[in-house]
Amino acid sequence: MAQIFDRSSNALARMSLVLTGLIVIALGFSLDELQRSPWVTRQGQRAEQPVEFSHKHHVEGLGIQCQYCHTSVEKSSYAGIPPTRTCMNCHAQIWTDAQMLEPVRHSWATNQSIVWTRVHDLPDFVFFNHEIHVNKGIGCASCHGRVDEMPILYQQNTLQMEWCLNCHRNPAKNLRPTSEIYNMAWTGPTDLKPVWCAAVDGKTGTPTSQDVTCTSAPPGQQAAAEEASLNPAFAGLHAQAAAATSTDASPAQLPASLSYTKFTSQEALGLFLVKHYNIRTPRELTSCEVCHR
Amino acid sequence: MKHMHGASARALSLGLLALGLVLVAGCREDMQDQPRMFPQRGTTLFADGRSVRPQVDHTVARGQLDEDQFFYTGLLNGKETDMMPFPVTMKLLERGQERFNIYCTPCHSRVGNGDGMIVQRGYKPAANFHDAERLREPLSHFFYVMTNGYRAMPNYRAQLTPVDRWAVAAYIRALQLSQDARTANVPAGTQVEDLSTVAEKLGYPASFAGPWPEPANTAVHTHPNGKIVAGAPAEDANAPEGVIGGSGSTPSQPVTKAPARQ
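If you read the protein sequences in the order shown, they are chains A and B.
For the first sequence, our numbering gives the first residue as 1, with consecutive numbering after it.
For the second sequence, our numbering gives the first residue as 1, with consecutive numbering after it.
Isolated chain A, as found in the complex:
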């Protein structure tokens, strides 16, 4: 009986071994790419929502600030989806018969919550906290992107652990003054647009972000203008005349002049803010229990 496999099959067998190896490697690569792809991370996906709410219209078009709706962002772990009542603050009188707003009116009339589809959905074993981020110099746009330019909200970043760690390993590159947190267009200081910052020495042991003052205007002129226009010693409008005569601009109450430092790069500003906002070290920030309990 003749052999089933010819000698030439040996070459085929070797090739198939190599091929198997290649396929395994390719599979590994493609799975790696897959788990980072928008298909898994939901980056850029516009979810179906009961109301096609446009952040662009409300933020860029009308100039409504983030916290008008997301009231709890500064004091709790979650930013807060506004209650129907917040919509009705304006839409009780504006666009009262728009078909688009029918779910809002229905919710208002029946007292049933509008069921929104969550866009930024972290796994439940991640304990993300908005409060600490917005109070220590991470702006909305750093994570959420230019929401003010999104007609339909989508997730800008992967929100994967890799992405979190990228910042936790070096927070300085994303820190901004707390006065710029809700400024969607903040780009960091440059040579052409420098930022001046000064730190007030608060009570020892409790220095917070409140003790850092930053300005994008040369502070010398601004301080003078402020001193001229601010008189903190007023009691009320009706006491105005009395106040004007008795306590004329008490300079003792004005803040002592601050020593401002000029920053022209994000690195320098970031390092300054890391120091004065008391940002923990990368070693501490990348520790498991920072995000997982």
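Since the hints were made in silico from the structure, they are not lab data.
Think of the CB as a built atom: it goes at the ideal place given N, C-alpha and C, for glycine as much as any other residue.
Heads up, a few of these hints could be off.
Which residues of chain B face chain A? A partial, calculated answer using Cβ under 8 Å [what the hints assert, rightly or not]:
{"hint": "1", "residue": "Gln-32"}
{"hint": "2", "residue": "Gln-55"}
{"hint": "3", "residue": "Pro-154"}
{"hint": "4", "residue": "Gln-159"}
Add chain B to chain A, keeping to what the hints say.
Same frame as chain A, but now just chain B:
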């Protein structure tokens, strides 16, 4: 041959199993979506689907006793009063400015003339803080309005804590003072330039320094029928029309009291 066949079949099935495991590992289950309650996520446990429970009727939670009547209501013996329940500091005014710019500017505008964007888009005209009526109001009137709403204005109790409301009230007073300054208010030795001179120097139109246009006749271009949604805050029959308090009858001495816990 039979033996070879079995081995390759086993290898194949092992390979498939491994592949299957790798694929299944990508599924999001259990740990990702835990059956705990999360704020605003919703739950099937309660009939209304809310995991955040409303306060039970006729109960008072810790810290909700609100025993300081003036601090929590803005009324002293049922009357609005021209004073603060605690001293005003620069920090408080800055906080008030920040909160004002977030919650009040959509209607009242940053300068407080009642010509905010929402009014321009067809909401009922908002109060101009610089008109005679508003200049006459005692300070706690603004607190009272923020707490209870006023005509078409819904209340902002949920958005602003009592301390924040007082801070905003103080800032509104500061805004009024800024627009109603007299030569006597200028500290001695300070050079004051006429606004029209400044405007001219900066190349602004001549009308720049003039009075603001009154927002009375707003262009109602997004408000086609003038209808108001039934039961909307604006039509709340119980909404108070504001208490006419003793305007300026009380001396403007700030009562010293530490602000309550926020």
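Going through the hints against the structure:
At a threshold of 8 Å, the smallest CB-CB gap from B:Gln-32 to chain A is about 4 Å, leaving the interface hint in force. Here the hint on B:Gln-55 is broken, as its CB sits about 14 Å from the closest CB of chain A, past 8 Å. The restraint placing B:Pro-154 at the interface with chain A holds, with a minimum CB-CB distance near 5 Å, inside the 8 Å limit. The interface hint given for B:Gln-159 holds, since its Cβ lies 5 Å from the closest Cβ of chain A, which is under the 8 Å cut-off.
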